[in-house]
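Keeping the supplied structure of chain A fixed, place chain B upon it in accordance with the hints.
These protein sequence lines are chains A and B, in that order.
Going by our numbering, the letters in the first sequence line up with residues -10 to 354, in that order.
Going by our numbering, the letters in the second sequence line up with residues -10 to 354, in that order.
Since the hints were made in silico from the structure, they are not lab data.
As the structure is a prediction and not an experimental result, all values here were calculated from the model.
Hints may contain errors.
Which copy is meant is left open, because identical chains are indistinguishable; a pair holds if it fits in one copy or across any two.
[Stated by the list, open to error] Capping the alpha-carbon separation at 27 Å, the derived lysine-lysine pairs in BS3-like fashion look like this:
1. 196 / 96
2. 143 / 96
3. -7 / 196
4. -7 / 280
5. -8 / 196
6. 192 / 347
7. 246 / 16
The residues making up each chain are set out below.
There are 2 protein chains.
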Amino acid sequence: MQKKGCPEEEIFSFLSFARDKDRKYDKVLSSMCTIPHPVAVRAHNMFIESNLGDPGLFAGTAELESLLVREIGELMHIPDACGYATSGGTESNIQALRIAGKQARRKMPNVVVPESVHFSFEKACDILSYELRTVPCDGNQKIDTSVLEDYIDKNTVCITGIAGSTEYGVVDPIEHLSDICSDREIFLHIDAAFGGFVLPFLKNAPKFDFELDGVSSISVDPHKMGMSTIPCGCLIARDPSYFKSTEVETPYLTVQKECTLLGTRPGGPVAGALAVLRYLGRSGFEEIVGKCMNNNRRLIDGMADLGYEVAVQPDVNVASFKCENSPKGWIVSRTREGHMRTVCMPHITEDIIDEFLKDVSEINV
Amino acid sequence: MQKKGCPEEEIFSFLSFARDKDRKYDKVLSSMCTIPHPVAVRAHNMFIESNLGDPGLFAGTAELESLLVREIGELMHIPDACGYATSGGTESNIQALRIAGKQARRKMPNVVVPESVHFSFEKACDILSYELRTVPCDGNQKIDTSVLEDYIDKNTVCITGIAGSTEYGVVDPIEHLSDICSDREIFLHIDAAFGGFVLPFLKNAPKFDFELDGVSSISVDPHKMGMSTIPCGCLIARDPSYFKSTEVETPYLTVQKECTLLGTRPGGPVAGALAVLRYLGRSGFEEIVGKCMNNNRRLIDGMADLGYEVAVQPDVNVASFKCENSPKGWIVSRTREGHMRTVCMPHITEDIIDEFLKDVSEINV
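Only chain A is shown next, with the shape it has when bound in the complex:
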C-alpha cells in the first residue's frame, strides 16, 4: 500500500485498462449471466449502501426483499412463499440441503441427485458432511428414474431435481420425483437457478415448482435469466418453519435472529431484481425468454445444417452439440462428456447467432 493516495483519474484509467481485459458479452455463449437490465442497475445504485444483514436498520429494503420473495413465489405457484435473497445458486443449494438435513435428523445423511447436478452440490455435501449419491442420467441427460430408487434409503434426507440443467438445459422428471418424495416423505429441492426465470414464461413447459405437492424448496437466481445485478439468488420454500432450523441469535443487531448463511447482504441487487420484475411484467419476460428460445432454436437448426447434431433436445435456452472444435474468438464451453455447450442469454441476438454459425462453418476450411 502506497503511503500517499493516488489521483482519482489515475486510478480510473488503471481500472479501465483492467475492464478492457474482461470479455465483453457479445461473443460469450458460455455464461448463464448476462448484462444486467438498466432498470436493475439504476435500482441497485439507489440501494448501494443498503445491508440486509441488519434488516431493522434497512426496514425499507427488507420490505423489498419480502416482496421479491412473494412475487417469485407467485411465479412458482405458492402465494404465501417464504424465503430470502441469497448470493446465488450455490448458497441457496447449501441452505436447502442444510434445512433438509435438519428436518430429517439422520446421523449419516445422504442426498440423492442426478449426475447432471451443478458442482455446488459437491461443495455443499463436502461442507455438510453429507454423502452425495449421484444417479446416472438417461439418454436425454435427465435423472434415470428406472434406477433412482436404488439410491434412496432411510438416510436420504433430500432428493434434488434440476429445472434447466447447467450443461444440457434439460428439466428432470420432477412430477415423478415429487410423487416419490410425497410417498416417502423426503425433502425435494429443485435447482431452478437458471430455469426458474425461463420455464414460467414458456407454453407447455414441464412442471417443476410448488404446484407439485412434493416440492419442498426451489433455488432460483434473479442474476441469471432475471437480469438483475449480481449477486442475487433466491431460496423459496414451502414451509416457513424450515428457516427456523437455521437460525442463530444475533446480539448487537437490530433483529434478534438470522436464518441466512451469510451475514452482511447487499440490498442493491434485491431492489434491482424487484424493479426488473415489475418493469417487464409477465409479458416482458415472455418476450425476452421467447427471443432467447428462438435464438436457441436458430442455433440448433443452424448447427444441424452444418452437420453438427444437437446432443439432446433442451427444455430451456441452452444447447449442446457433437462438435469437437470451437470457432476462434468465441467463448463456448464443454460439457463433461465433451459436447460443445452454448447458452443463448438475452445479450445474444439473431445476428450474433448467424455470425457464430458462419465462423463454425469455416472451422475446417
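Frame of chain A, contents of chain B only:
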C-alpha cells in the same frame, strides 16, 4: 407478477418510498458498515456486470482481485499473500474453519474461540459439524489465557483470535495465541473483519497479523472500515496450499477449479475496494481511522462526564457503556451483557457525537 410491466418512474417512486424507510446512517451508532466511499461506488459501477465466478471471462477483474489480496496482504505483513474476495466475514470465517479442518483431519474436530466471538462461528460450526468450544473472557473482554489451554486437545483443529471484537472492540492477546499455535501446530485464524482496516493505521496497536509466525489466516472486510461497497470481505492466508483443499472441479466454466464457497461473485465491490485503497493510500486511511478513534475517545470521555463509565477500554473505534437507557431517535445496540454499545464509523462526526451526548444527558430529565 403483473401481466403488463409498470412504467419506470412508477417503480422508482415506489423504491424511493422504500428507501425512505431505511435509516440514514447519521444517527446510527450500531453498525460496522458505513456509507461507501464515492470512489468505491464509481469503481463498483464500472464493473457492475463483472462475475469473478468465471475469472477466465473476467480476466481483468480477476487481476484486480489478485492485486487487492496482495495489497491487503502487504498491510498484514505478508508480501506474497494468497486469498480471495469473499462476501464478508461470515464466509471468510466458514472457509477458514473448513481449511483448518482439512489440514488437521480429525474425526471429531473442535474449534477453540473466545466467548466474544462473532455469531458467524456458531453458523460455521453448525454447518461443518465442528464442536465450538468457547473460552471465557477476562475482565477486559479478551480471551482468558489462564484457562485457554484447558479447552485445547488433540482434536482442536483451529484456535481463533479476534482483532477488534464486535461487542467491545478489543483485540485478543494474539501474540500469546500465536505462540501456543506454533508450539502445538494448530491452525490460528484471526477474525479481523472489523479491526483489519483499523489496527494497521494506529500507532502502538497490538500485533495481530502475519508478522506473528503462528497466524495461519485472517478475515478482513473492505466493506466495513475499508469503505468499499458491500459485499466485500477478504480471506488472506499464509500458505497457498490451503486453498487446494477446498477446490472442486468446475466443468463448463473458463477455469478448471474453484476454491471459493460461493459460485457467482460480484467484481464491482472488489474494484471498489482496490480503488479506495489506492485513492486514500496509507496516509488517507491514517487520517480517517484517526478521526474515528478521536470521535470514539470524545464519546467515551463525554459519557464518563455524564456518569456513564466505559465497560472496557477498547482497542478500536467501538465503545461500550454501563448505561441502561438509550436516547430516543438514535440506534445503538446492546451487548449480551447488557452494555450500551456504539461504533464510531466514518459517517459519525464530532457534531454527531456532541448531539448524541446531549440527548444522553437528557434521558432522565
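Check residue -8 against residue 196 for me: Cα-Cα at most 27 Å, and say if that holds within a copy, between copies, both or neither.
between (60 Å within a copy, 20 Å between copies)
Alpha-carbon proximity context of residue 143 and residue 96, limit 27 Å
both (11 Å within a copy, 23 Å between copies)
At most 27 Å between CA atoms: does that hold for residue 246 and residue 16 within a copy, between copies, both, or neither?
between (45 Å within a copy, 23 Å between copies)
Should residue 192 paired with residue 347 be assigned to within, between, both, or neither, using CA atoms and 27 Å as the limit?
neither (31 Å within a copy, 64 Å between copies)
Is it within, between, both, or neither for residue -7 and residue 280, if the alpha carbons may be no more than 27 Å apart?
between (51 Å within a copy, 18 Å between copies)
Between copies, within a copy, both or neither: which fits residue 196 and residue 96 at Cα up to 27 Å?
neither (33 Å within a copy, 42 Å between copies)
Have a look at residue -7 and residue 196 and pick one of within, between, both or neither, based on CA distance no larger than 27 Å.
between (60 Å within a copy, 23 Å between copies)
Comparing the model with each earlier hint shows violations of hints 1 and 6; every other hint is respected.
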